[in-house]
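K.L.:
Based on the sequences and whatever the hints tell you, model everything.
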Amino acid sequence: MNTRPVIDVSDLPHHGFDTVDTIWWGNNLLLAIETSMFAILIATYFYLRQNISPWPPPLAQLTAPFSPLPGLGFGTANALVLLLSCLVMMWVDLSARRGSQGATQRGLIICLVFAFIAIILRSFEFRAVKFRWDSNAYGSVVWFILGMHMLHLITLTCETVLLTGWALTRDFDMKHRVDITALAVYWYWVAGIWMVLYAVVYWAPRFS
Amino acid sequence: MIAKRQIAQVESFGRWYFRRARLRWLVLVAALLFLNGCGGFQSVLNPGGPQSEHISRLWWFMLFVSTAVFLLVMISLWLAVNSRTKPTNSSPEKETVGTKGRKGLIVILATGVTVAILFAFMVDSFLVGRGLTAELERKQGLNIEITGHQWWWEVRYQDVDASSIFTTANEIHIPVGVPVTFSLKASDVIHSFWVPNLHGKKDLIPGKISTIWLQADRPGVYRGQCAEYCGHQHAHMALWIFAEPLEQFDAWRRAQIQSAVSPASASEQKGQQVFLSSACVMCHAINGTPAGANFGPNLTHLATRKTIAAATLANDRSHLQQWVDDSQQVKPGNRMPANKLRPEDMQALLDYLQSLK
Amino acid sequence: MAERPQSLAEHAAQTDADRREIRELERVWARPPGIIGWFTDTDHKAIALRYVVTAFVFFILGGIEAALMRIQLARPENHFLSADLYNQVFTVHGTTMMFLFAVPIMTALGIYLVPLMVGTRDVAFPRLNNYGYFVYLIGGILLYVAFFLNTGPDAGWFSYVPLSGPGYSPGKRVDIWAQMISFTEISALCGAVVVIGTVFKMRAPGMSLHRLPLFVWAQLVTSFMIIFAMPAVMLASSLLASDRLIDTHFFNPAEGGDAILYQHMFWFFGHPEVYIIFIPALGFISSIVVTFSRRRIFGYTAMVLSLIATAFLGFGLWVHHMFATPLPQLGQSFFTAASMMIAIPSGVQIFCWIATLWGAKLNVKTPLLFVLGFVAIFVMGGLTGVMLASVPLNLQIHDTFFVVAHLHYVLIGGAVFPLFGAFYYWFPKWTGRLLSERLGRWNFALMFIGFNLVFFPMHQLGLNGMPRRVYTYLPETGWANLNLLASVGALILAIGVLFFIVNCFWARRSGVVAGDNPWGADTLEWSLASPPPDYNFFRIPVVEGGYALWDRSQEIPVVIGLSSTKRETLVTSVVDAVPELRYELPGPSLWPVLLSLATAETFIVGIFTAWAFAIGAVLTFAVFIGWFFGDPNYENVDAKEPPEPRDAADALQYLRSEEV
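Residue numbers (the working numbering), protein chains in the order written: chain U, 1 to 208; chain A, 209 to 565; chain W, 566 to 1225.
It is worth saying that the hints were derived from the structure and are not from the lab.
There's no promise every hint is true.
Stated by the list, open to error - Straight-line alpha carbon distances no greater than 25 Å define the calculated BS3-like cross-link-like pairs of lysine-lysine that follow:
1. A:K478 <-> A:K416
2. A:K478 <-> A:K548
3. A:K311 <-> W:K1131
4. U:K175 <-> W:K1131
5. W:K1131 <-> A:K308
Claimed, not checked - If the Cβ cut is set under 8 Å, some of the chain W residues that face chain A in the computed set are:
6. A824
7. V913
8. V956
All C-beta atoms in this analysis are idealised placements derived from N, C-alpha and C, irrespective of residue type, glycine included.
P.N.:
Here it is in structure tokens:
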């Protein structure tokens, strides 16, 4: 058995953006897993809703606030913050692709600020829900939704911290530029899934 | 009657097989297995009412078609394995276009037949399913509420007349030929109500009420057992259904509505005192006495029941004594604590319990 | 290592330059030595074999539990096991077989064989792969340590609420179950991501999707099913754990929760789970049928479409596990139709296999025997499955021993028999030696007879009214004889498995040396030495047809230009497998193990306090800092700016022009 070389790959690059790189696939597959999880969580929300009427159940106390609906303020603010942060992240994404290190560094720091604001807003969102997680099934599922998304906000922040650290202190190499574009995908996903969850948590009980 | 038909089916099956001497042993095994299933007070294949009759007909239909399918696949597999016609060298071969085309046709045909069979199954099971509930909406009959407890069945006979409502446990009497609606509830975990001779099962789910409707056409005694794993003593959570002619059922029902008989003998009176002054009253009720708790089975007419401990033990004096003394020895994990009574108190209590006709 | 037989690829290394390159590759891809090396190794073959051995140990443990149950049920009112112990035993048996044996071992074969079959040097995410194994191992150990401490879960492998809820299962038994689910599901999800990444991006040039071996298709489809099904059970077990630990009310009817909700979530995972176990086995069968009939598979496209159809339908029939609950009838009819329809793709595959075998000169070796046994058992299991899809009939036989029979017919017949066939088939590739044919035939015969003796009578027991999950039964039920028969069968089945174990130990030392390709098979792993070298392929081959080795030209076309001084392999495009990158894979590292320990802290301490999750988050982040900044040296950081992929375009040109 003899071999004959037919393809010489010595000039191929080591990394590429988007579907070329395995990182993109790994990242998106993990996001597919999390998307299934949130889809089932949303289904859970609507399933439990059949059991409690009205949804959310009336509050026990006779003092203000009287409405059991979750307060809109913080959730809406958070939605806006996340949407805005996506614009910054797009800038980071493009800068990383272009290879402009300074813009990427600045953009990542701004994104980090946004991420921290989102986490702080989230902790107020829990209070805007008028029930505790152990009050009833409504409280449980809403807290769980907010909590799972909060977990992603935290994970996202940690990943951004790591990549910002790298971008500030180490080489702005191709591998990490690809990583930054993968981070951007995660960022869009976290923001995008929040739009759905925001509608479910804050608006679905208002239309029933 | 039905058993006879089944035996006839097995026999015709058998004759077909016997022509192949090699498979004779198979027939014997099959016949043994089939015969084992016919008859029986807890069998899907021995229907005692229209619901289980419909389902068992569906079963036989699906069984025979499936057996045919199985045999066909096995025969073609056997032929395929033994079908080498012309020897070739050992290098990987390519089939001619002609063979491939013929095979393709056969595969498509086989797939078509599969689809057709599945469609027939689906239509038949849909029709049978509709038959099971359609009659439910037409008829009005007896209404019984069953509550599943770990690990026994509370049975409550509903009636428009509140004074005719009564509660018993684990043994259900129903009149033959009358549709019975069972409303099923659970007090703790999920159980499943299943009397195979009469109908399929239905789950009892906490926080929900499910309904099953059935009818017995043949007088008889049918056993049922919890079919959803419900913890420690899931294995010993059985029940009996007594399907009786209407007059007999009415007599039983009239007796059950009555309060408990007053203790007659001195020993029975003492037994009642023992009952009322010991832990028994914490859980059990005897109508007509101050005992009114409903955590355990209602004992008003205990002596009319054939079994105790959810159809686990025969209702006789020695089993009763064993049970009252330390039921954990008999049915470990059940909710009834041991009752260490003085021997004379125990005998009096047993006298009393056995008098509760 | 010195005595390793020459592989075809190594024959190709004729020049001194080639030999030098091979020495380089051996050095670069060498597996780390010692006990630390065992933890840090990223070699997919080593990890896969660890998976196989671990899962097989769990299979034996699950089998011992099954034997205990058969002893207990051999006669009525037996006192061999107490009710409490029996309930733990059957729960741990089901949990072990589903989560610790069946899914991991199917993943394991994929992790071993997929990179070899698609012609690459390791999986796409070697460290994630290593992490997945340790998470799985810790989950399995957790379950068994708890079991031996009499804290084994006892609410069934499905752990229905409210029985498994805080009210009716005090203590930590069910928490162990819930957290073990988290471990095994994380592991399965890692495996799925690894397999999909490898199949999509690491295929050798020329292996476009329509040339993918059916084995790889099966692994790919399974991995996608895992990605969409497993989150459901992770969520269900998390909600259960939070009901138990922090008093949420997801499943508490008194506070608006719902017991049926849990069943929906569990079976939305639980039914696809069956296909997650079964579909890889279809891949084994296709490999074995092709090799031993020396025929191309009949109806490749139909087979692939059947796999995909099975996966889709598999998500549409979970409710047939819940027909006895109060559900709307219209919904039930839909699920009946879906459950019956899934018989069609399975039927198509069986017809295609028979068509492939038909007229072929069969090389009837043990792997093929197991496949033939599979057809007999699985067809029967499939037919009883169709019966279970019918609502009225289901109401009678659901949750009885009929279902026990059915599920073992489809899972043992559908997955374990092909798996044993696969063991016989690939054992020479893994170890370099063939298993004994003689012992193999005994192994098959005993397993086949034993299996049918155990499970066939159970159909009848179910029809006779015997419910599942009972620790004993009364003598008057008349179930004793058939139960005794089943218990005798279990003994025979166990002896059959024992033959396999003996065969493995015997073959490791004195089996016939296999050589590269003892069966004359067609897929790429058989072009390598047995066992394959650490770097798999000296030169990545260019694939010229759907049956890589059969369709090969005399002069094997190969890829050149990959670095041999780095762990480099080729990344290609998803559909056409056109070279895109020379990608450096990460090598051995301790971080995955440390990460698995952080995961372990989170879930195990999480049984006792919710603070474990905060601590776990900190630990995980700490590990990631180390992972991210700690050892950048594996990576070629001086990566060039991407040039135009000129050669890739040429390659595409080549692949198109040759019409290979």
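K.L.:
Have a go at the V956 of chain W hint: is there a Cβ in chain A nearer than 8 Å to its own Cβ?
P.N.:
For V956 of chain W, the interface hint holds, since the closest Cβ of chain A sits about 5 Å away, which is under 8 Å.
K.L.:
Hey, does the V913 of chain W contact hint survive, CB to chain A under 8 Å?
P.N.:
6 Å, holds
K.L.:
Checking one constraint from the list: CA of K311 of chain A to CA of K1131 of chain W, max 25 Å. Satisfied?
P.N.:
50 Å, violated
K.L.:
At a threshold of 8 Å, is the proposed contact between A824 of chain W and chain A supported by beta-carbon distances?
P.N.:
6 Å, holds
K.L.:
Does K308 of chain A sit within 25 Å of K1131 of chain W, going by the straight-line distance between their CA atoms?
P.N.:
48 Å, violated
K.L.:
Would you mind confirming whether the straight-line C-alpha gap from K478 of chain A to K416 of chain A stays at or under 25 Å?
P.N.:
Status violated; Cα separation ~43 Å.
K.L.:
So if I understand the rule, the pair passes when the alpha-carbon distance is 25 Å or less; does K175 of chain U with K1131 of chain W pass?
P.N.:
Holds - the C-alpha atoms of K1131 of chain W and K175 of chain U are around 16 Å apart, at most 25 Å.
K.L.:
Below or equal to 25 Å on CA atoms is what counts here, so check K478 of chain A against K548 of chain A.
P.N.:
17 Å, holds
In this structure, the hints that do not hold are numbers 1, 3 and 5, in rising order.
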